[in-house]
Structure formats: structure tokens, C-alpha cells
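Engineer: Protein chains in written order, with full-length UniProt numbering: chain A, 1 to 305; chain B, 1 to 466; chain C, 1 to 291.
Worth flagging that the hints you see were computed from the coordinates, not collected in a lab.
Quick caveat, the model's predicted, so the values are computed rather than measured.
Check each hint, because a few of them may be wrong.
Have a look at the derived ranges for each label pair, beta carbon to beta carbon [to be verified]: (1) C:L25 <-> A:G98: 53 to 61 Å; (2) B:G63 <-> C:G198: 52 to 60 Å; (3) B:V235 <-> C:D154: 34 to 42 Å; (4) A:I296 <-> C:R139: 50 to 58 Å; (5) C:R139 <-> A:G98: 39 to 47 Å.
Just so it is clear, CB atoms sit at the ideal spot from N, CA and C, and this is done for glycine as well.
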Amino acid sequence: MDVFVQQLINGLTLGAIYGLIAIGYTMVFGIIGMVNFAHGDVFMVSTFIALIGFLILTTWLGVASVAVALLIVLIITMPLTALWGWAIERVAYRPLRGSFRLAPLISAIGVSIFLSNFVQVAQGARNKPTPPMLNGGFTLFERDGYAVTLSYKQCLIMIVTVLLLAGFWYLVQRTAFGRAQRACEQDRRMAALLGIDVDRTISLTFVLGAALAAVAGVLYLLYYGVVSFSDGFVPGVKAFTAAVLGGIGSLPGAVLGGLIIGLIETFWSAYFSIEYKDVAAFSILAIVLIFMPSGILGRAEVEKV
Amino acid sequence: MADAMREGTARGAGLAEILRDAGLYALVTLGLCIPIVSYRTDLSQTSALDLTPRWGVVAGLCGAIFALRLVQRMVLLRRDARRALTPAPRQATEAVDATPNAGQRISGLALPLFLGAALALPLVAALASGGLGPARYWIDLGILILTYVMLGWGLNIVVGLAGLLDLGYVAFYAVGAYTYALLATTFGLSFWLCLPLAGLAAALWGMLLGFPVLRLRGDYLAIVTLAFGEIIRLVLINWVDLTGGSAGISSIPRATFFGIPFTAGPNGFAATFGLSFDAMHRNVFLYYLILALALITNGVTLRLRRLPIGRAWEALREDEIACRSLGINTTTTKLTAFALGAMFGGFAGSFFAVRQGFISPESFNFLESAIILAIVVLGGMGSQVGVAVAAIAMVGGPELLRNLGFLKAVFGEGFDPNEYRLLLFGLAMVAMMVWRPRGLISVRMPSVALTQRRGVSGALVREGHG
Amino acid sequence: MSGVIDPREPVLTVEHLSMRFGGLLAVNDLSFEVRRGDITALIGPNGAGKTTVFNCITGFYKPTEGRLTLAHADGARHLLERLPNHAVNRRARVARTFQNIRLFSGMTVLENLLVAQHAPLMRASGFTVLGLLGLGGYRAAERAAIERARLWLDRIGLTPRADDPAGDLPYGAQRRLEIARAMCTEPVLLCLDEPAAGLNPRESAELTELLRRIRADGTSVLLIEHDMSVVMEISDHVVVLDYGVKIADGTPGAVRTDPRVVAAYLGVEDEEVEAVEAEVGLVLPSAGAEA
């Protein structure tokens, strides 16, 4: 029971990070129907931006408070990562719009390979640890010497996630951009005829997705304390699994899927074997796509004849 | 970029506008370089991270992008000016360029030409570099390229003909390699016995993995096959008892000349044929072995295209629903494509194992699948010659980089061009999708003709629906 | 079609067919027959459920309820709703065309017709194995298949364009090619989904001629059509659908004057609709008049 509660907390934390990345996948798929394969690597880039930002703040500028440093890092990382998202869409995807269907996917794979190797060349292949930050936490209860704790990091991750999701939800549901975005999802040509700037809306979708991935990146850095150039692929696939599990195209679905994937991963590691935890994630991806491709909250698709 | 270009010409494209545009590119580059390029993190003695500012590199990059964009705009401007003088015969309404280019026109001659070059390569290399020993580099490069040509041709059945996007092809390569390695090390079976077994095992896996994914289309199919590929790799890593885990399997029996080993002893290949012993004999043999395997793959594929199954694959790529309405069992049709493609992957895998003598899961990661897929797509889906050209460009191209010594003179001694291999590879994948999404050879040759066989423009050929 | 049984017996019997998509009842308890050697037209306003009926007959949808029996001239019977999609064509010998033409546009006209002869060619090639080894009678079979294709190309007037990609053909030729492709599977029943849509009057006349010829050669035809002149000219029997329910069934002449059909098609004043519906015994929520 104690282990269970502890794993529940760990799983939800991890799930929050996956959920944030998953939103980027689901939004892009919703609006242009492509799997943005490079999204995981955009997330990885953001962890590096956050890492370097944090180092500059703490070692050079002497910001003593970790909380302040993290806040500033968050504020810097979001626009810088968003710029990556924007540039990638502009260079690698926009010229391919209306091209044959596999072209954007292959282009995205190219971007993914480019990004991980770009970071490897620029920053080196070794793992980059951060100095420990925000240690400690609340002990929820303790029994038989096993303490169930909720660390400050986990608290912060959940709070930031909830706040940002709320803001994001408002953006998509209540603003003109959100309306334009949903219109483009339904019918891009019609939206264009009604005077919506489709290119701009798609650009903004990428920017938003990247910004949320940046939040995930900062939180990931905070949680694990170490990043590497190859960290984009597996979290990317897991977040994509989350998006598919929740029902691709559905925003609440992405968050729900993220939480489920996070929980499955932690419970699997705790109760079964840690070696096969990635196998579990990939298996879930395959099983969901094969047996319930519309996911939990997605709409079922009827084959058009 | 194309739209920016059109906007530019519409406005008359003054020099100032071009400069501003190039400046914008440089500015975005600057933004992207902060802080990934501008500060390098390195582990110090105390295992904390040190920061080293590198604004010089950032300035260089921004300058390079500025100059490249400037040149690109200038070239486009001149081309447009030239085009404005001579009216275009046909207004291209699609992004896909359907007019055959030089590469397509020579494609009829290309196959015999390639074949001749491939057959002669060891001899030419030996003559040019003065002996088999010094030619080793070229022969090994030839083996590497031919392995990818074969893999590309194998995957071409699945992706190019049947239109099923498979991102986990490397799994079958792995199955082939491990089948040979395990059979040879545990039961001592010979390569020639293991080769068909490896192919069969891979085909079986192709069917096993293919069966559940048949209902999926396009991107989803790609992702599931990717997941399967990763699962197989992770199982290979974690099932230590069988596969040796990350350490892999070593001391796999090396290739023999149909039973005669390539050794210096009296029973060796050199002694048997009255030659003086040369370690390169084995490499030359391996070269011709992979050439033969690749040619078999090609021959079978060309033959299949003219059989009903091949036509059914292509019809499946064009329109699955219409296929079903014509009584074609799409399930078995897709499965045969998966199985056959996997089988050739398995052959290539067992060749890889016998050549290396050592295999580990590291050789079968997603990047390999991506490279093989890129070869198929760059070649022009369904085009055999295109795949061969693409394999040479994709695998041989980066090798060129290794030899560009003058780059060291420009960027300093610490510069290792090989580091940039995959980075450029990724960029090339994007560039080729933007430049020629239909691949190098975007003309489809019909499998049968009533009077005259004429190429079908790639613009009409539909993409894989799934 | 000189069978051992009465040639006027139905080739297709639809009994109590219903198709539900979630909450939408697209076809409701529909029963009708297609008699052997007839051209039967299925008509009705947009959204009446005609294409859904077609998709059920040709195996693309599994009907929620109902039975679809296809009888061959030799007495063999096939329950279409139980057959896998492709077997509806291969075993029950029902061929179809599509409302939005589905040709293999990157393949040549000839290749399109050869793909349609997949099953016999597959057998001739020893399920690929013999063909790959160059054994067996595949070559002869392929020549025969090309001959059959040429026969149909002559009939639809596309022989000169046999080696052009199907996607390059003009619209009317694509429609004809799709029919020829379906006919190359040697069907007992040919289902055509709006074959005359988008055709000019001359092409329409050619189509009528082609359909008459197909009927004369012994294939029964079921077609969905909006062009009433085509329907009235060639059909032997007309079934009218509205809101997924059959509202009339009979000869073209009888159907034309049926007040329910007139109401469904032309749209009349609301009161009149209600009056007509009351007469027919239909209870439909807010059945607005469709123009």
C-alpha cells in the first residue's frame, strides 16, 4: 500500500511531463494530420536550453534562489524553444504541405536526426548533470520504516503543469486563435475561405506545442537532474503513445494519456522489471494503435467508401 | 521558402529586400544558437558543469546562413529573370516536378552501367591502388554500399511497391543476423545452410508482425512498425541468456568459399587455387557475395512486378478500397509484401553477421531503419535504379566527408568531419523532401503494355494509403 | 443467361436490411429484389441511404440487421452479409463502381484491367511461386487476360489509350474504364454508384448503350442514379428510397407517377408533405421538404 501510494505520486509526476509533450503531438496531428516526429527532439533541445540557462543564472549571475532561477529559466526557455518549433515548421514542413503524404513524416525524421546530432556536436555526447536543486519534500506518512514522500520537485511539477494547462485551455477554448485553430482542424480550406490565416495558425500551433514541450523540458531537467542529446527519442515516443492513447487530436486526451503512461511506467518498473519498462511503453503504443486507434477520448473514424 | 520567393519576385525584389530577408534568416539563426551553440557545457574535474562562451562560432554560423540565403536569392532572382524572357512551356501547378530530368532519361542505360561498374570495382580498385591490400578501403566501402542497396531493394517491395510505410525494417535485418549468429555458434551450421533459414525466420517474423498491423494506414502503420522494431531491439538487449545482451555475439564463424576457409594453411582458399595467400581474398569474396545477393533481390523484385501479386501490390498502394471491390484479398497481399521484404532483410542480416563476425543490438537501432527508408524514398519509390543511386549517395556521400582533409585546414586541427555525418544526413533528408519529394527517379514504368511502354509521371502515382 | 432455373428469379434478394451508425438509422428495414437480367435502379433524394445500401451489398459495411442473398444461375447461393469484403467480388461475383471514381490512377489503363483479373491470373501463376520460376501457364493466362482487357477497351472506346495512365483520362472515360474494370471480374451482378454523374449528354448516351450491352450479355445491373432521364430510359425496375425507407418499388412508369415519390423528390408545401406522409403512414420528425 505504501509503495503503491509512492508509485502513484511518482507516476503522476512523470505523467504530467509526458502529458505536456503529448499536447504538441496531438495539436499538430489535429491541425495538419502529421506525426511530428521531431517533437521529442524539440523537447530535448529545450532541456539543454534550460540547463545552460540555469547554469548561467546560478554560476555567473549569482542568482541564489533556486525557485527564482527556475522561474527565469522557464520564461527564457519557452520562447527560445518556440523559435525552434517555428523555424522547423517553416523550413521542413511548410514547403511540403500538399505534397505526398509520407513526405512530411520523412522530413520530420530528418529533423529529428538533425536535432539530436546538432546538440551532440554543439554540446558533446556525454550526459550533463545539473547541481542538485530543490531537495527535500513532505513526508505524507510513514509506516514500518517506509516513508511515502512528496518531494518539492514533484509538487512544483504538478503545480506548474496544472497552471499552464489551465492557461492553455483558456487559449484554445476562449480566444480568437483557439477558434481559428479549431476551425483549421475541421476544414483547412474552408477556414482559409473564411479569412483565417491558415499558415499563421499552423505556425502558432507549432510555437505553442514547442513552448509546452519547453515547460516539460524544464521540469524534466529539474526532476532527473541529468540530460543527454539522445533524450529526445524515448520520451518522445512515450508522449506520442500518450497522445494516441488519449485519442489523438484531443487535448484532454493527451493529458489523460500522459498520466496513464506515466503511471504504467512507474508501476511496471516497481512491480515487474525495470529493464522492460520501455518495451512496455512501445507495446502499449502498438496495442492501442492496433485495437483502439481512436484512443480513449478520440472520435472513431468510419471508413469512407 | 518557395512562398517567400514568390512574394519577393512579386514585389520586384530589390536588393534591399533581399538583404533584409537574408538578415532575417541570420537573426533567426542567432536566436536558434542561443544558448545551445553560444555556450558549451563541459564536465569539469569536480564533475560540475563549466560553461565556455563561443560567440565566435555563433557569428560564423549566422554569417554563413546570411551568405547562403543571399546567394540563394540571387540565383533565384537571375533564374526568374531568365524565365521571364523565355515563356515557360507549361505552368507547373503542382509542387511535384513531373518533367523527366537527366537521371531519368539515362535510367534505361543505368542498370547495365551500374552492373558493369559493380562487377569491375575490386579489380579496378586493386589496379588503381596497386594491390588488393591498399584497395581494401574501396572494397569495404563497396560492401557497405551494396548491403544498403540490398536492404533498400528489400524495403522497396514493402514501401515502394505495396505502399506500406515500414519504419521498423531493421528488425528483420536483426532477425537475420541473430538467426545466423545463433545457429552458427550453437549448432555450428554453415553459412550456406543458415542463409535460407535466416531468410525464412525473418519472413516468419515479417508475417507475425505484419498480421496485427494490416488494418493500419499511413502514419499509424509507420509508428507501429517503429514500435515493433524497438521492441525487438530492446528484447535483444535484455534477453541476455539467448543473445548476450548489449555485449552481443562474438566469434561468429567467418565466411568460407563454399566450405574452403580463407586461411593461410594448406587447406585454405589460396592454397587450393594455387594463389599466394592474401587476407583480402575473403573481402573480395564477400563483395561478390553481397553483389550476388543484391542482384537476386533485384531480379526477384523485377519479376514480381510483372506477376499478378506485384500488380496487386501497386494497386494496393494506389487504392486499397478499389482493390477489395475487385476481389483482391488485401490481407494476404499485404502479408506477402511484408514477408518478402522481411526475407530479403533477413538475407542481408545474415550477410552482415558473417562479414562482421560480431553483432550487437547497437547495430540495429532506429537510425538504421531511417537510413534505409531514406534510401528508398530518395531513390523514388518503386524505382530499382533510383534506390541504387540513393544508396551510393547516402552511404558513400558521408564517406567523402571523411576524406576532405582541407576542411581541417579551414576549421582547425580539432575538426572531425565525421562528427557531422549524421547531422548532414538529417539535413539531407529534409532537403530532399523539400526539393524532390518523389525521389530522384519519379517516373513509374508500367508492368505491361499493349503497344508501347511509356513512363507514368510520379505526380499521378498515389502515395501509400497504409 | 439460360439457367436451369427460371431466369426471372431474383439474383439479389434484400430482406429487412437495416444499417445504424451510432444514433443514426441510415437504412431502415429495407427489402427489395433485383431480378436476373434486369437493370434495377435505386433512386432517392440526397442522403436517402442509397450508397449505404450499396456498401452493405458489396461488403464494405456489415449491416446491423437483415439478409442479403445472391443467387447464381447454377443455383449456388451466397449470403453477402457473411462474406469478407473481397469475397463478395471473388466468390459471390458482385462488382461495383464508386461515386467518386476509384481508379488506380498511377497505373495504365491496361494495368487497371489486369488488376481486375487478379484471381484467375494468381491461380495461373501458381500463386506466384511457379510464375517466379517461369513455370506453368502464366504467360498464356496473361495473354488471355490482355485479350479480355482489349475486348473491353474496344467496347468502351479506349484502345488507343491503353498504355496511358488512368489518371490522365478525361472524366467520362474514367467512368467508362471503371465500369470495364468491374466487368473484367466477370460479375453476376454489377453495382454502379451514379455512373452518369458529371457526364455530358453524348457520354450519357454512350453509357446507356454500354449498360444495355452489359445486360444483353447476361449481367444483372443495380444502379444508383440521379439523372432521371437515364433511369427512366434504361431501367426495368425502380426502387425509391427516402430517409432510409423504401417508399416505392415498381416499373419506371409506375414510380414516376407515385405521389410519395413526387413529394420526396420535388418537395411540396409542408402541409402537403404531412398529408402525403399521413397517407403513406410515415411518421418522421420534422421531415422538411427537400428541394
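Engineer: Each hint: holds or not?
Structural biologist: Here is how each hint holds up against the structure:
1. C:L25 <-> A:G98: 53 to 61 Å: Since L25 (chain C) and G98 (chain A) have Cβ atoms about 38 Å apart, the given range 53 to 61 Å is violated.
2. B:G63 <-> C:G198: 52 to 60 Å: holds (57 Å)
3. B:V235 <-> C:D154: 34 to 42 Å: violated (58 Å)
4. A:I296 <-> C:R139: 50 to 58 Å: 54 Å Cβ-Cβ, so the 50 to 58 Å window holds.
5. C:R139 <-> A:G98: 39 to 47 Å: holds (43 Å)
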